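A.B. asks: Chain G is fixed; fit chains S and R onto it per the hints.
Protein sequences appear in the order of chains G, S and R.
For what it's worth, the working numbering labels the leading residue of the first sequence as 1, then goes sequentially.
For what it's worth, the working numbering labels the leading residue of the second sequence as 1001, then goes sequentially.
For what it's worth, the working numbering labels the leading residue of the third sequence as 2001, then goes sequentially.
Since the hints were derived computationally from the structure, they do not count as laboratory data.
Since the structure is predicted, the reported quantities are computational estimates derived from the model, not experimental observations.
Any given hint could be a false lead.
Pairwise CB distance ranges, derived in the manner of DEER restraints [what the hints assert, rightly or not]:
hint: 1; chain 1: G; residue 1: E154; chain 2: R; residue 2: D2233; range: 32 to 42 Å
hint: 2; chain 1: R; residue 1: G2182; chain 2: G; residue 2: P293; range: 53 to 63 Å
hint: 3; chain 1: R; residue 1: R2134; chain 2: S; residue 2: A1385; range: 20 to 30 Å
hint: 4; chain 1: S; residue 1: A1090; chain 2: G; residue 2: R181; range: 13 to 23 Å
We put the CB at the ideal spot given by N, CA and C, even for glycine.
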Amino acid sequence: MMDFVATLLTWGVLAQLVRIAVPYVLAALGGTLTERSGVIDLAIEAKLLCGAFAAAVATVESDSVAVGIVAGALAGASVGAVQAVAAIRLGAEQVVTGIALNLAAVGLTRFLLGAIYGHDESSLNIVGHDHTVWRSPIVWLAIALVALVVIGLERSRPGLRIRAVGEHPEAVAAAGASVVRTRWLALLIGGAVAGVGGAQLSLGVGQFVPEMSGGRGYVALAAVIMSGWRPGRAALVCVGFGAAETLQIRMQNLGGGLPPELVALLPYALALVLLVAIKPRTSAPSAIGKPWP
Amino acid sequence: MTVAASEAAATAVVPALRVRATRQIGDCLAVAGASLEVAAGTVHALVGENGAGKSTLMRIVYGLTRADSGLLELGAPVDLAHHSVAGAQALGVGMVHQHGMLVPTLTLAENAVLGREPMHHGLVDRARAARELVAAARRVGQTLDPDAVAGELTVGERQRAEIAMVAGRAGRLLILDEPTALLTPDEVDALFDLVRRLADAGGAVVLVTHKLDEVARIADEVTVLRAGRTVATWSYEVSTDEIARAMVGGEPPPTPARPPQPAAEAPVGLAVQGLVVRGPRGLAVDGIALAVRAGEVVGVAGIEGNGQRELALAIAGLTPITRGTVTLAGRDLTRASVAARRDAGLAHLPEDRHRHGLIDGATLADNVALGRLAEVRRHGTIDRAALDALTARLLAELDVRPPDPAALAGALSGGNQQKLVVARELDRPGVRAVLAVHPTRGVDLAAVARIRDRLRAAAAGGAAVLLFAADLDELFALAHRIVVLYRGAIVGQLDGAALADADARTRLGRWMAGAA
Amino acid sequence: MTRSVETVRGAIVALLVAMAAGSVLVIVAGGSPLEVWRTLLTSTLGDRASLGQVIFRATPLVFTGLAVAVPLRAGLFNIGAEGQLTAAALTCAVVAALVPSSTPAVLAIGAAVATAMATGAAVGATTGALRVYRGAHEVIVAILLNAIIAGVALWLGNRSLFVGEATRTATIVPGAVLPSLGFAGSSASWSFVGAVITAGIIFWLLARTTAGFVWTATGRNLDAARAAGLPVDRARVSSMALAGALAGLAGAHFVLGHKHAYENGLGRGVGFVGIAVALLAQGNALAIVGSALLFGLLAQGGLGVAGLVPKELVDVLQAVVLLAAAITMRVRTRR
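So here's chain G without its partners, still in its complex pose (with noise of 0.2 Å):
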């Protein structure tokens, strides 16, 4: 046993934790965005996917992964339009919205892929770049934003209008600001930061696989309600997400000992308990889900 803790306080280790941990905190910052201004956002999942698709064909298409990062923001952002033009601009109803995205996602990448690359591929193989953790831009990026959205919501102009359009919309066409633009913006921007979480994925890991978002996104929103929709604390939930899938990795190739199909489950049993066990201190915004007038 405490081999195996030894084993884990390494720098690779580390490295890995890092790696695995950025695709949760880049969609945990898009989701609180979105959420915080209003709309509920259950299409995290798709965000990621496409993101991580996008930035996959880009990267390979272009040999370059700066294009990569900006194609997965884009990607993010077009899932996260589809979902203002449903929620904002027709009414509908969000949560199914969200629901609706992600199977279409699920559908779309794969269709897409099977398009560009011919059917009997199963996978996008990303090769010809360095997948050091440390050298990776996108990680660079995810610490960036982290600061800027925790800062920009609170200091910045979109950010204090964000967070009064989620509470008391009417208060803010009273005001004379626009109620639509504002969550457009949270929606695209939301969408773009999550969208660079699912390059990470894929360009992490040097592939693209179909569904490879693997429920993350809704982990993700379960990090963003038990951190009471605080970006910084969002964040630091989703390093411990993170932790526990590196750890569930590493205790796989432990081999004997426990059942590698339980270990599997490390993730999303911790959010599930830690769902059921919370309660936010911060509740949800409170015009969260209501369409607007």
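C.D. replies: What follows is chains S and R alone, placed relative to chain G:
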């Protein structure tokens, strides 16, 4: 009305505001060609019953609601089709709304600059926002803490803050929509002083209200709306009776006599003892003891926000009780479920009929079934014939219109919706106590009369009635005894003979304000 | 409670939008929409065997559609049908293999079905209770439970329940097998008849009974229902328990009417399609049968047009229908 103000009104050339508008909301015409003209330097009262269209018309002027057609002049013509809040603000229009327009999670400074945030190095300049707010408040004679979080203030404090924020910027026209509902008498005095000063300085103030004593006190001119139309306008002194007639379109219904006081030996119907209830900001109800006898109507007076809501919800079983007891005819209901309380004979007329009373998207029949399920269920299914018969009877009892069991509750007017709730609840067999919370709020005058009659009948039939109302008129019309709630405790009581005294209202008002 | 004509219109609009979107995707994939729609219809309705396959595919969708529709009435979202049916299928298969081979069909099937329903109900009730009493959002809980149940089922199977090299439990006794419905050798079984009867029962339950009224009132306005003294917490948990039992019936269908054992990965995706089935049918239990047949046709037709367009198109199409239904419906679920 001051002579100086009427002279100023006569010599002003271009009115501060001229508007005529039509606006349909859902199936009804909220505003049907109503018009209003306000001269600079005047205080203009816009009067009408609930639902007459006053708020809607003003929201159109402020750019918050789109008009279907009409014209608007704020010194110069304004294109109604492209009018917006930003546009109205740019023209010097400010509005303080009936229901608070502050974002509860933001500070007062943040609320004040929302929409026109001062920037410094790419971030919102908080220091400047705070400075500007404090200065604006001082200009209207107030002191505010710019860093206070809006949701942590009392409703009165929030309203005063909103007035301070808006008054300073509204150079041309200040619209106050029912501003005194949440203020103590002293705060009302301060508000009216401010209004007078603004008008005397050349600004225009529109006071939307349904309280005729305020009109008599402060208004230079009066316009009456009824059913979305302008029915009368005066720029000279006019009696409140005449205004009331215009509001109603005829003679207002006579005030019937109060029912006789129940005998002192009548059993105690509803009682609370040492009741403590937690609210959003600490203890909303802090140790209340109250007993209502069978056949008695006890009125609870107080400015909104002093614990009435929590007290009513606690008695109804919809919010947890921290300490103390609630008993009905001797039975302890403190830990009882809502269903058990209803079975024991408690009837609840909720404050918010849309939230706790009715399902807007369901038919009238289904809404009746909601409150009377035990009577219309048979072998696990709903007996439609019995339900329809019950519904027809209830609709007829209080003249609910349209008397169609298949109509959707959301399509009825506020008064008819409330009558349905009242009929459904008070008609239940075995009702021993009635918890009536603002039972005539947002209800037209004819329905008000019917609902009050029904409550009197309930008391005459032996029920103990606990009546919450912010309107002293309502309490005087119905109650044998009035208690005053202030900061979660009962600070005063008047009964029987004391109620008939000339200074009864003054004494109640002082208790409501927290004075001795 | 009343349903307006608007909701029927909503279903039709959703379908049309989906068809339009599907046609666009077909063009992107380099196919011809007309040819695809024609092949879709001929490959599904053309001969008895295909028709039988459509019925076979529709059967579990009726159950999972109902499993979504019932809690939806009460204001809750059930995406946990997948986990509920997996757990139910596993226990059902174990029971159906354990009973003595000489057990008469009625008892064998009865015991197996009862086990499936009870297991599914337990999972559903847990999700509901966590939402009602702990405030944990039922969608996230369900997704997490789906994953956890799948993992636990795999572990139990690998540990002791799977037989031989495959990830499959012991074959059920002959008495527990649901007879086939024929249709020229298709996989359709009598479970479809069971599905239609269940839909009828649920329809009656929701429309006519007191329980149905309480669920509907709770879903329409939770506060008003609570103020009226209705047992809203119990009602919401019980709606989820019933939903779990219905999803369990889908699991029983797979075990007793198709695979005759539990296999890893059984019924994958059926839970999510059930959401689309329920929403397209606007939550109406009888319409769900028709909606399920439609989606069954899509699924079966997806194989038929596999030469013309990739099969993932069907998945995207289902998602588009769901999205269109979300837009055209006025569903009010509480956070």
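A.B. asks: Each hint: holds or not?
C.D. replies: Tested hints:
1. Between E154/G and D2233/R the beta carbon distance is about 37 Å. The supplied range of 32 to 42 Å therefore holds.
2. For the pair G2182/R and P293/G, the supplied restraint of 53 to 63 Å holds, since their beta-carbon distance comes to about 56 Å.
3. Restraint check, R2134/R to A1385/S: a C-beta distance of roughly 42 Å breaks the suggested window 20 to 30 Å.
4. At about 18 Å, the CB distance of A1090/S to R181/G agrees with the hint of 13 to 23 Å.
Checked against the numbered hints above, the structure breaks only hint 3 and satisfies the rest.
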